[in-house]
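2 protein chains.
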Amino acid sequence: MSEHTASATAALDGRPLVAGRPVEGAAGSLLAVDPATGEEFGPPIGLVDAAQIEEATRAAEEAFDAFRSQTPAERAAFLRRAADNIDGLGEELVDRAVRETGLPRGRIEGERARTTGQLRMFAGIVERGDALQARIDPALPDRAPLPRPDLRLVHIPVGPVAVFGASNFPLAFSTAGGDTASALAAGCPVVVKGHNAHPGTALLVGRAVADAVAASGLPPGVFSVLFGAGNDIGRALVTDPRIRAVAFTGSRAGGRALMDLAAARPEPVPVFAEMSSVNPVVILPGALADEGATALADAYVASLTLGSGQFCTNPGVVFVPEGPDGDRFVDRAARLVSEAAGNTMLTAGIAAAFDRGVRALEDHPGTEAAARGEAGPGPNAPAPALFTVDGDAFAADPRLQEEVFGAAGLLVRHSSAQALAGILERMEGQLTATLHADAGDPGDLAAAHALLPVLERRAGRLLFGGWPTGVEVAHAMVHGGPYPATSDSRGTSVGGLALNRFLRPVSYQGMPDALLPPALREGDPWRLDRRIDGTLVPGGQA
Amino acid sequence: MSEHTASATAALDGRPLVAGRPVEGAAGSLLAVDPATGEEFGPPIGLVDAAQIEEATRAAEEAFDAFRSQTPAERAAFLRRAADNIDGLGEELVDRAVRETGLPRGRIEGERARTTGQLRMFAGIVERGDALQARIDPALPDRAPLPRPDLRLVHIPVGPVAVFGASNFPLAFSTAGGDTASALAAGCPVVVKGHNAHPGTALLVGRAVADAVAASGLPPGVFSVLFGAGNDIGRALVTDPRIRAVAFTGSRAGGRALMDLAAARPEPVPVFAEMSSVNPVVILPGALADEGATALADAYVASLTLGSGQFCTNPGVVFVPEGPDGDRFVDRAARLVSEAAGNTMLTAGIAAAFDRGVRALEDHPGTEAAARGEAGPGPNAPAPALFTVDGDAFAADPRLQEEVFGAAGLLVRHSSAQALAGILERMEGQLTATLHADAGDPGDLAAAHALLPVLERRAGRLLFGGWPTGVEVAHAMVHGGPYPATSDSRGTSVGGLALNRFLRPVSYQGMPDALLPPALREGDPWRLDRRIDGTLVPGGQA
Numbered sequence: 001m002s003e004h005t006a007s008a009t010a011a012l013d014g015r016p017l018v019a020g021r022p023v024e025g026a027a028g029s030l031l032a033v034d035p036a037t038g039e040e041f042g043p044p045i046g047l048v049d050a051a052q053i054e055e056a057t058r059a060a061e062e063a064f065d066a067f068r069s070q071t072p073a074e075r076a077a078f079l080r081r082a083a084d085n086i087d088g089l090g091e092e093l094v095d096r097a098v099r100e101t102g103l104p105r106g107r108i109e110g111e112r113a114r115t116t117g118q119l120r121m122f123a124g125i126v127e128r129g130d131a132l133q134a135r136i137d138p139a140l141p142d143r144a145p146l147p148r149p150d151l152r153l154v155h156i157p158v159g160p161v162a163v164f165g166a167s168n169f170p171l172a173f174s175t176a177g178g179d180t181a182s183a184l185a186a187g188c189p190v191v192v193k194g195h196n197a198h199p200g201t202a203l204l205v206g207r208a209v210a211d212a213v214a215a216s217g218l219p220p221g222v223f224s225v226l227f228g229a230g231n232d233i234g235r236a237l238v239t240d241p242r243i244r245a246v247a248f249t250g251s252r253a254g255g256r257a258l259m260d261l262a263a264a265r266p267e268p269v270p271v272f273a274e275m276s277s278v279n280p281v282v283i284l285p286g287a288l289a290d291e292g293a294t295a296l297a298d299a300y301v302a303s304l305t306l307g308s309g310q311f312c313t314n315p316g317v318v319f320v321p322e323g324p325d326g327d328r329f330v331d332r333a334a335r336l337v338s339e340a341a342g343n344t345m346l347t348a349g350i351a352a353a354f355d356r357g358v359r360a361l362e363d364h365p366g367t368e369a370a371a372r373g374e375a376g377p378g379p380n381a382p383a384p385a386l387f388t389v390d391g392d393a394f395a396a397d398p399r400l401q402e403e404v405f406g407a408a409g410l411l412v413r414h415s416s417a418q419a420l421a422g423i424l425e426r427m428e429g430q431l432t433a434t435l436h437a438d439a440g441d442p443g444d445l446a447a448a449h450a451l452l453p454v455l456e457r458r459a460g461r462l463l464f465g466g467w468p469t470g471v472e473v474a475h476a477m478v479h480g481g482p483y484p485a486t487s488d489s490r491g492t493s494v495g496g497l498a499l500n501r502f503l504r505p506v507s508y509q510g511m512p513d514a515l516l517p518p519a520l521r522e523g524d525p526w527r528l529d530r531r532i533d534g535t536l537v538p539g540g541q542a
Numbered sequence: 001m002s003e004h005t006a007s008a009t010a011a012l013d014g015r016p017l018v019a020g021r022p023v024e025g026a027a028g029s030l031l032a033v034d035p036a037t038g039e040e041f042g043p044p045i046g047l048v049d050a051a052q053i054e055e056a057t058r059a060a061e062e063a064f065d066a067f068r069s070q071t072p073a074e075r076a077a078f079l080r081r082a083a084d085n086i087d088g089l090g091e092e093l094v095d096r097a098v099r100e101t102g103l104p105r106g107r108i109e110g111e112r113a114r115t116t117g118q119l120r121m122f123a124g125i126v127e128r129g130d131a132l133q134a135r136i137d138p139a140l141p142d143r144a145p146l147p148r149p150d151l152r153l154v155h156i157p158v159g160p161v162a163v164f165g166a167s168n169f170p171l172a173f174s175t176a177g178g179d180t181a182s183a184l185a186a187g188c189p190v191v192v193k194g195h196n197a198h199p200g201t202a203l204l205v206g207r208a209v210a211d212a213v214a215a216s217g218l219p220p221g222v223f224s225v226l227f228g229a230g231n232d233i234g235r236a237l238v239t240d241p242r243i244r245a246v247a248f249t250g251s252r253a254g255g256r257a258l259m260d261l262a263a264a265r266p267e268p269v270p271v272f273a274e275m276s277s278v279n280p281v282v283i284l285p286g287a288l289a290d291e292g293a294t295a296l297a298d299a300y301v302a303s304l305t306l307g308s309g310q311f312c313t314n315p316g317v318v319f320v321p322e323g324p325d326g327d328r329f330v331d332r333a334a335r336l337v338s339e340a341a342g343n344t345m346l347t348a349g350i351a352a353a354f355d356r357g358v359r360a361l362e363d364h365p366g367t368e369a370a371a372r373g374e375a376g377p378g379p380n381a382p383a384p385a386l387f388t389v390d391g392d393a394f395a396a397d398p399r400l401q402e403e404v405f406g407a408a409g410l411l412v413r414h415s416s417a418q419a420l421a422g423i424l425e426r427m428e429g430q431l432t433a434t435l436h437a438d439a440g441d442p443g444d445l446a447a448a449h450a451l452l453p454v455l456e457r458r459a460g461r462l463l464f465g466g467w468p469t470g471v472e473v474a475h476a477m478v479h480g481g482p483y484p485a486t487s488d489s490r491g492t493s494v495g496g497l498a499l500n501r502f503l504r505p506v507s508y509q510g511m512p513d514a515l516l517p518p519a520l521r522e523g524d525p526w527r528l529d530r531r532i533d534g535t536l537v538p539g540g541q542a
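So the sequence lines, in the order shown, correspond to chains A and B.
Numbering-wise (our numbering), the first sequence opens with residue 1 and increments by one.
Numbering-wise (our numbering), the second sequence opens with residue 1 and increments by one.
Read the hints as simulated data drawn from the structure, not as lab findings.
Careful, some of the hints might be misleading.
One side only, chain A facing chain B, incomplete, derived with CB under 8 Å [stated by the list, open to error]:
1) Thr37
2) Phe41
3) Ser216
4) Glu267
5) Ala381
6) Ala448
7) Met511
8) Asp533
9) Val537
According to the in silico footprint, chain A covers these stretches of chain B (three or more CB under 8 Å from chain A) [as the list claims (entries may be wrong)]:
10) 26-38
11) 156-162
12) 281-292
13) 357-369
14) 505-519
In this text the structure is predicted, and so the values were computed from the model without any measurement.
Backbone N, C-alpha and C define an ideal beta-carbon position, used for all residues, glycine too.
Bound-form chain A, shown alone:
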């Protein structure tokens, strides 16, 4: 790969990136921890102080006008360069990420492909100019009683974005993950709060992106990666007047704290926080008939325990019909969970929180323990767990809707589609909701028709069959949903629409062609699909 790549791979010296530049952390350092052994390892990762945070946000603000004035081709080339640089990190990145997260090598490699593929997808979207949503209402000088002025609309980026990555996807939802990729694609400089659970991974990726910034001739303030010991850095970023939007993936408590901080600013800014979901799966009777219960239970436990259950879309709650077919599903799932071994979770804190969540389910008067697997050999590898609960008991206690992050499943027994609708109406917002039904069975089909409107009001993605743990990076993906799944159901953090979160419309009235943004000029120099008087005209034709 390029010299830039070489410098990035050689550079894991633990220095945070303030406006693209490695600096000595002014507030001490931390060490990465191998969750599989509990051992700390170097290099020490520098922590920034308030002045360094401000240096990064100030540089981001100063870089904004230059960054946002790139052509689509330039922006796309920058995003592809960042993807190439991340690919170019090679084995050093994979080794580091595996050691910092305890995730298997194959998973990290797949996640890297997803991460760079995501950057390249946004490059394509930027090139086509979809998100600019250009509109032109030509002047009507002879209109009575008043002439209409020439009006043209385009979307521009909101300004510097603070990104808080997730622990559970150290590449795809972290430093250069969906939030960063979509904010950069929109034209927003990004200040990443690097995740302390994978700081070396964050810095390696950060250098790859910063090198792409430099190689693209952009001001270095376009990208920073900072670390801090506690919550102060988050508070400082979210309340910084130069930060114009916030993206976060993590816990409900953490996301809500950032939402509250952003809403209390003198000048509030939007927060897109992806937080908490138990991803209800509804099984209707037809899906269990003809031995369907066996295959479904196998697929369920595979999804539940995938990656130690550390997915935002983990199927935490499954609604299973009462009766013998449902019993068969429960029995089979219980046997599989009891045979499953725990794998290393991301951090000691996450493993401890899992233990607390499982204990709460054990202690709950309404639940029954259906199965418990074996703990893994090392530390932080708690045993998978499965519980059952009666539908009424589930509906009666909102605590049973709380996400237990990890491989803990709750099977809710339901007596009818009607009872189910009543239970689902009382559920919180979700990232996903899944329906297993036999579309050829009239009873199932009627129930599905009745339940879908309820699920639509509660989730960002509805699956028919399958399991929610795969989140395709695609134009039609929604990874979002009503609170507490996210802070704002109108956005998605994965897929082609993700960059729209960071754009706002601006209208130009009577503006001479030379002063208009190129997207709105006569002759359509960027060959964009534009809406003329409300009607879509394909690129280059107006």
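Use these hints to put chain B onto chain A, whose structure you have.
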């Protein structure tokens, strides 16, 4: 017109509309006030209590699924029926609005045309399905290493919306104004908090809309108009768990209070508040040359005093070059303002707030009083006022950026385009920013190029020439902008994009055709423009 219209016009009995039904207010009543005389007049308008508010929001929630499942043609017909019913109110509506607001008859008639035209514009947008933004990523069963599932995305409405109308546009920004029209177009039931400054107008329009709801076979919960004496009704609506979004037009204090309430809910919801703007107008030297100063001053004072200055887009702050041409502009504007008479403002409270704002400008050590007109003959008709201030003094005191709602202008003298950029960088967010320049003058053109990025970051609409007080209802209009102009710069309350504020994306994975929303089905039954694998395919072709 239709019988429905007849029943609406006959119905101004003062009863609020709870789920479309006139009810006796359980919390007393209020009387409308004629601001031109200070006289109260009937009928008494019923105020609702907490139970009636909850009845309205509960009905809105119950109506949601039926309302949102309308076809585009049905929704469009409903919107057009509402428009027809409002037109059908005839002179009774105009008489009542004139008496309640003190606005001239011609203005009310024009505003009515704008209001019904707006409903009809949204009907057209709904018919075309623009806002659904349908996307399809077909399955790739043979993709390695994993097949891709079929993914389809459409936008659905967020749920019941609470609308707080403005006092200054009793039709176009009130009961069936832009917020209500766009929320209904999106498929959201609406609960209007009727404005106490024009309660009879609100009820007449409300009955016209409620009659359209009934005539369209929709559940009556789709539309309610409620009144309350103080802030309790606003608090009750914004914190009601059934309300999923809020739209507001009014004061900065009022909007911020609603934002804070919505953000503090257990389940926060988006607020679109349009609040406060001084709409900076930047005059560059070329625009004043060749006697340009005279025409510009004439147009400025006409815009400043239009409708007693009671426009969100009133040009409150104008930047005028130092030097003789600028002096000529100031002198001419001062003479015109000194000759202008005050007209009746909307309410005694608004007139009093105007007086306080003018006094604060008078008392400010940095400003000079340039002119004061005559007060109008009746009450609540304060004299227009004009002040000047030096650029440095303006930049030094943020209080000088505060909106004085009404015909009070502040002329800021600037020494150069560079000094101007520094001043503008310190301004708050605005609805509009206007540039007057000679596009053929190299100095002006260079200055415009330098200033436009600064203005873009601060405003939702940029004008070249003209005055911001006309807000065209068009596809390319933005009536929005960074805080405090609005609560969220990503939205607009006027124009084709306004309904997008009330929509959220939902993705369907592996869903059988019969269970998909029609917008996403094979064969494109609604003939929508849809994005297939990211590429736009015109309606009916996929």
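(request) Return the status of the interface hint for A:Glu267: holds when the least beta-carbon distance to chain B is below 8 Å, violated otherwise. (result) 5 Å, holds
(message) So, as I understand it, the hint says A:Asp533 touches chain B; can you test that by seeing if any CB pair is closer than 8 Å?
(response) 7 Å, holds
(request) Mind taking a look at whether chain A covers the stretch 156-162 of chain B? Criterion is 3 or more residues with CB to CB distance under 8 Å. (result) Holds: 3 residues of the stretch 156-162 of chain B have a Cβ under 8 Å from chain A.
(message) Is the coverage entry for the stretch 505-519 of chain B by chain A consistent with the three-residue Cβ rule at 8 Å?
(response) holds (count 10)
(message) Interface hint check: A:Ser216, Cβ to nearest Cβ on chain B, cutoff 8 Å. Holds or violated?
(response) With a minimum Cβ separation of about 19 Å from chain B (threshold 8 Å), the hint on A:Ser216 is violated.
(message) A closest beta-carbon separation below 8 Å is what the hint needs, so does A:Ala448 meet it against chain B?
(response) 6 Å, holds
(request) Can you take a look at whether the stretch 281-292 of chain B is actually covered by chain A? Rule is 3+ residues, C-beta closer than 8 Å. (result) n = 0 at 8 Å, threshold three: violated.
(message) Given a cut of 8 Å on the nearest C-beta pair, is the interface hint for A:Ala381 held or broken against chain B?
(response) Check failed: Cβ of A:Ala381 comes no nearer than 26 Å to chain B, outside 8 Å.
(message) Using the nearest Cβ pair, does A:Thr37 come within less than 8 Å of chain B?
(response) 30 Å, violated
(message) Is the coverage entry for the stretch 26-38 of chain B by chain A consistent with the three-residue Cβ rule at 8 Å?
(response) Not satisfied, violated; 0 residues make the cut.
(request) Closer than 8 Å, Cβ to Cβ, for at least three residues: run that test on the stretch 357-369 of chain B against chain A and report holds or violated. (result) Check failed, 0 qualifying residues.
(message) Let's test the interface hint: is any C-beta of chain B closer than 8 Å to that of A:Val537?
(response) 10 Å, violated
The earlier numbered hints that this structure contradicts are 1, 2, 3, 5, 9, 10, 12, 13.
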